[in-house]
Amino acid sequence: MTADTAYDIAIIGGGIMGCATALRVAAGGMSVIVLDQGDLGQGASGVNAGTLSLQIKRVKLMPYALKGHHLWAEMGDAVGFAKTGGYTLAFNAREAEMLHERQTLKTQAGAPIEFVSNNRLRAAEPNLTHKVEAASFCPEDGYANAALTGQYYRGRLRDAGIQYREGCKVTAIDRTNGFALTTPQGTIRAKRILLAAGAWLKPLAALLDVDLPVNARVNTVSVTERMPPLISSVIGHATGLLTMKQKVNGTVLIGGGWQGLGTPQDGRGTVNAQTVRPNLALAQYAVPALGAARVTRSWTGFEANVPDFYPLAGALPGVPDAFVLGCVRGGYTIGPYIGQLMGDAILGREPEMPLFDPGRDFEKDMI
Amino acid sequence: MDEHYDTAVIGAGPAGGNAALQAARRGLRVVLLDEQPAPGGQVWRAKSASIIAAPTTPESSAGDALRSALGASEVTLRASTRVWDIRRQAGAWTLQILRDNTSLEITARTLILATGAREYVQPVPGWTTPGVIGLAGATALFKHSLSLPGNRTVVSGTGPLVFYVASEIRRLGGTVAAIVTPNSRADWARAVPAMLGQPKLLARGAVWLADLMLARVPILWGHAVSDVLGTDHVTGVKTRNLRNSLTGTEFAADSLCLGHGLVPNIEAAQMLGVPIRHVASLGGWVPEAEPDGATNVEGLYLSGDGCGIRGAVAAGLQGTLTGARVARDLGKSAPTPSLRQWQRAARFGQAMTALSHPRPEVQALTTQDTIICRCESLRRGDITAEITTGAASANAVKSGLRAGMGPCGGKYCQTAIAGLIAAQMGKAIADVPPPTPRSPLRPLPLGQAVGDFDYDDLPIPKPAPL
Amino acid sequence: MIRLVANQAAQIRRSEQVTFTFDGMPVEGHSGESLVSALLRAGHLNLRHAPNDNAPRGAFCCMGLCQECAVVIHGQVVEACCTGVAAGLVVGRV
Ligand SMILES: Cc1cc2nc3c(=O)[nH]c(=O)nc-3n(C[C@H](O)[C@@H](O)[C@H](O)COP(=O)(O)OP(=O)(O)OC[C@H]3O[C@@H](n4cnc5c(N)ncnc54)[C@H](O)[C@@H]3O)c2cc1C
Ligand SMILES: Cc1cc2nc3c(=O)[nH]c(=O)nc-3n(C[C@H](O)[C@H](O)[C@H](O)COP(=O)(O)OP(=O)(O)OC[C@H]3O[C@@H](n4cnc5c(N)ncnc54)[C@H](O)[C@@H]3O)c2cc1C
Ligand code: FES
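Chains as they are written, first to last, in our numbering: chain W, 37 to 403; chain C, 871 to 1336; chain D, 48 to 141.
Isolated chain W (complex conformation):
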């Protein structure tokens, strides 16, 4: 393939960011190829806890979460979407205070969050502990099944006529004539590139001599075997260190961002029993009947961030025609929407909401 038959854009990373952007730029008329070192949607986008709660979104990202919320309803059953509403719980006075403070700011940012009485909480969720000090409720909260990310986007990409290659790690990028990407499946040429490599953004950007200060958290999720109905909405904790939902099949998914071991560079993360245990304890404290459940799997995924914990979304500094999208906190929730914004920017259109300049000074809160 010569430079003029190159793809309009090659997207490196087939997670939710890369795939959502691919759909947008293809709809805008570009020829697109998506490359992933593994399978589509087996990174963070395929292993995350799937919580789509406004209650746990960062205040400044709330408008993005709100704008994009309808996209999940549209994806619907194909991604296991369920809008159940969600309760966030405080178990002592200190947490109750924190909850009030945080939810007030989030309400001001537009999330329809209200505080509910213990009676109302118990009527809705009779299996919750009675030791709740304060609880907030958001009817917009819900979840989707992250394990379906790969299956879903493979279908969407195929239907949109977008090529993708799995097992296709980009190991070098040559810029003499557009972009020439070295992969185990040969050289792939493109006029533009989007770096959407999640927790692997730093080594990928380094191929272009750009230093992105990307770190990775090693988040842990556990799941039980099928249980009789215990909870019907998403249950969270004031600190954010517990998220829990019971799927239609009866399994209970327990997350909250407890940290496992390992780095993206090692290629594998592993759970740390010493953090799994308090995560499970918190879950059991909230829903005592979980004590009888058996945990069938615990796993980790790498969640990327930069020092100010806001997204990288925009032009890659110093490299014309290269873009980067990643490090979005709550990125599963916001991914489909921010992917559209990114796609619009690549297409040269004004995005509906501002993006997040990857060239900013990360030590200052500039957003």
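Since the hints were derived computationally from the structure, they do not count as laboratory data. Careful, some of the hints might be misleading.
Claimed, not checked - With beta-carbon atoms standing in for the labels, derived distance ranges:
#  : chain 1 : residue 1 : chain 2 : residue 2 : range
1  : D       : H96       : C       : P925      : 37 to 43 Å
2  : D       : R60       : C       : P1088     : 31 to 37 Å
3  : C       : Q1238     : D       : R60       : 49 to 55 Å
4  : W       : G191      : C       : N971      : 41 to 47 Å
5  : W       : G395      : C       : N971      : 39 to 45 Å
6  : C       : P928      : D       : H96       : 50 to 56 Å
7  : C       : L974      : W       : T207      : 40 to 46 Å
8  : C       : P928      : D       : V137      : 35 to 41 Å
9  : W       : N155      : C       : N1166     : 58 to 64 Å
10 : C       : N1114     : D       : A57       : 39 to 45 Å
11 : W       : Q199      : C       : A1293     : 24 to 30 Å
12 : W       : A63       : D       : D70       : 55 to 61 Å
As the structure is a prediction and not an experimental result, all values here were calculated from the model. Just so you know, even glycine gets a beta-carbon here, dropped at the ideal spot from N, CA and C.
Place chains C and D with the ligands on chain W using the hints.
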């Protein structure tokens, strides 16, 4: 309670038991952990408390010898103990164990994984019907409770185990309706040279076969069970001649023992970073280890059928090699034992493994509606449809369908699923690695893992930025 | 008929028979034998129903891995193949 050792050995079968004995003999502080109530592993599983007296068998005698050697040794035995997670932290191994409904930690400088094997059962229509049990699984009933799978049993599968199982059923007073084995007489003839190295085992097999023939038990060579009859319990089986695909005799039975060889339990080694490769003659995916068990991971050793199906004799010998290696690596003096005996035993074991391999002709007996993943009741058609729409790996099939996310954790579906992916995509089976293994190693009762706690003592980190 | 493998059933001495219940039904077993062994002998092959298709399932691997023999004792799911018979034990379906 915290316990610290020089070496922790997981699995008290021939491999782990002998590794522990050897390491202790060389002066190491050793703990031997097994989820079974007594040492012996699969092959030498101990009798339950329900048996007050019974005639001995070669397996029970060998097991008793191991149990009394361990009893007389300095090895700390932790039976009825399930290891659910293992990590290397600060230069030592931390094991999470469940014992007496309580979760505890054990630490050790070195770790020997001697986790043995499990069974592969090739799915055929009806194999999920109650009354169908694993062929190797049946031996657990014989050894532990000296009980039978039913009153009239069809014994079917590959390798030597069919004859052992049939013969044990007869010894314990049961009736064998038929033996149905995909192996041909010619397959067996080819294995004879390797078997000559273990004349005792060869002779034992000859007695089983002669007895079955004298008793006029039908033996269908080159046949497989093609259908299990019955809805909520087994009522019989249909058979098929694998050479000409003609329907064979149908047998009435209330139970079926079915198995197609063994698969090493590699999950723990895999999770700890030992590379795996596919070696059909060793039972499929095996972690890479030296003959004495050393691996690429510091302080981690593997021994026995868990690193390749070479059989019980080889497992025991390899255990001794591994125990000595660990002792040497920890600065104790131990001779470097010769590999010769182990190699000879391994040759026998691998010949049996070769007879037991999953066979494409049996794989072809599944239909669109045959269940492949028992935990999630996923049928072959579900799996192949997922592959058709682009799921190109075991991980992708698992994510899309939950195949491997049920309580067994994929232990009984992944070999078949890999076979389907390979066949449909025209790949070699060695290019379809198993899905990422996940902790816990066994389903973990949440309340037991957590134990008693005070809410205020939970180490809740500082919350995420607003 | 000549037997090369003798029937040794009569030489086996077992512990006393005790009664436990499975799904409310009384079942006899020798104390200490595995629940699966006693349940099979009593003809209780069908231990649970599979998810999704609700089909009957029973003990399969007999070594504590497949989870097909899962039953409930004292509110906790356990493997019947790894659990011993005891007098008065109340065994429920999952
Ligand atoms: C059900 C079964 C029956 C068999 N019967 C025979 C037979 O009769 N004759 C024969 O020649 N071969 C038999 N085999 C083959 C078997 O693999 C033997 O070759 C031999 O037992 C292997 O010895 P080993 O020490 O490597 O492993 P094993 O004997 O399998 O010992 C491994 C031990 O590890 C323990 N273990 C594993 N994981 C954990 C964990 N996470 N926590 C705690 N404990 C753990 C298990 O309980 C087991 O006791 C059988 C295999 C199976 C699966
Ligand atoms: C355990 C966990 C729980 C979470 N829970 C939630 C939650 O409940 N709700 C929520 O909204 N968010 C959650 N998140 C965050 C969310 O999952 C992420 O923000 C989001 O999935 C990131 O998507 P991504 O596409 O940027 O990254 P990824 O999904 O990781 O995709 C990056 C892809 O790039 C590929 N790649 C990397 N390098 C290369 C290369 N050189 N060549 C080719 N391909 C490459 C990788 O294989 C990978 O597939 C969680 C994250 C984790 C880890
Ligand atoms: S029969 Fe498989 S776990 Fe009990």
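(message) 41 to 47 Å was suggested as the range; check whether the CB atoms of G191 of chain W and N971 of chain C agree with it.
(response) Since the Cβ atoms of G191 of chain W and N971 of chain C sit about 45 Å apart, the hinted range of 41 to 47 Å holds.
(message) Assuming the hint says 39 to 45 Å, is it satisfied by the Cβ distance from N1114 of chain C to A57 of chain D or not?
(response) This hint holds: roughly 44 Å between Cβ atoms.
(message) Quick check: does the Cβ-Cβ distance between H96 of chain D and P925 of chain C fall within 37 to 43 Å?
(response) Roughly 39 Å apart at Cβ, these two residues keep to the hinted range, so it holds.
(request) Just tell me: holds or violated, for the beta carbon distance of Q199 of chain W and A1293 of chain C against 24 to 30 Å? (result) Once the Cβ atoms are compared, 25 Å apart, the range 24 to 30 Å for A1293 of chain C and Q199 of chain W holds.
(message) If I claimed the Cβ atoms of N155 of chain W and N1166 of chain C lie 58 to 64 Å apart, would that claim hold in this structure?
(response) holds, 59 Å
(message) Between the beta carbons of G395 of chain W and N971 of chain C, is the distance compatible with 39 to 45 Å?
(response) violated, 56 Å
(message) Given a hint of 40 to 46 Å, does the C-beta separation of L974 of chain C and T207 of chain W actually sit inside it?
(response) holds, 45 Å
(request) Just tell me: holds or violated, for the beta carbon distance of A63 of chain W and D70 of chain D against 55 to 61 Å? (result) holds, 57 Å
(message) If I claimed the Cβ atoms of Q1238 of chain C and R60 of chain D lie 49 to 55 Å apart, would that claim hold in this structure?
(response) holds, 50 Å
(message) Against the range 50 to 56 Å, how does the distance between the Cβ atoms of P928 of chain C and H96 of chain D compare: consistent or not?
(response) At roughly 40 Å between Cβ atoms, H96 of chain D and P928 of chain C fall outside 50 to 56 Å, so the hint is violated.
(message) Does the beta carbon distance between R60 of chain D and P1088 of chain C stay inside 31 to 37 Å, or does it fall outside?
(response) At 33 Å between Cβs, range holds.
(request) Take a look at whether the Cβ-Cβ distance between P928 of chain C and V137 of chain D falls inside 35 to 41 Å. (result) holds, 39 Å
Hints 5, 6 from the list above are not met by this structure, while the remaining hints are.
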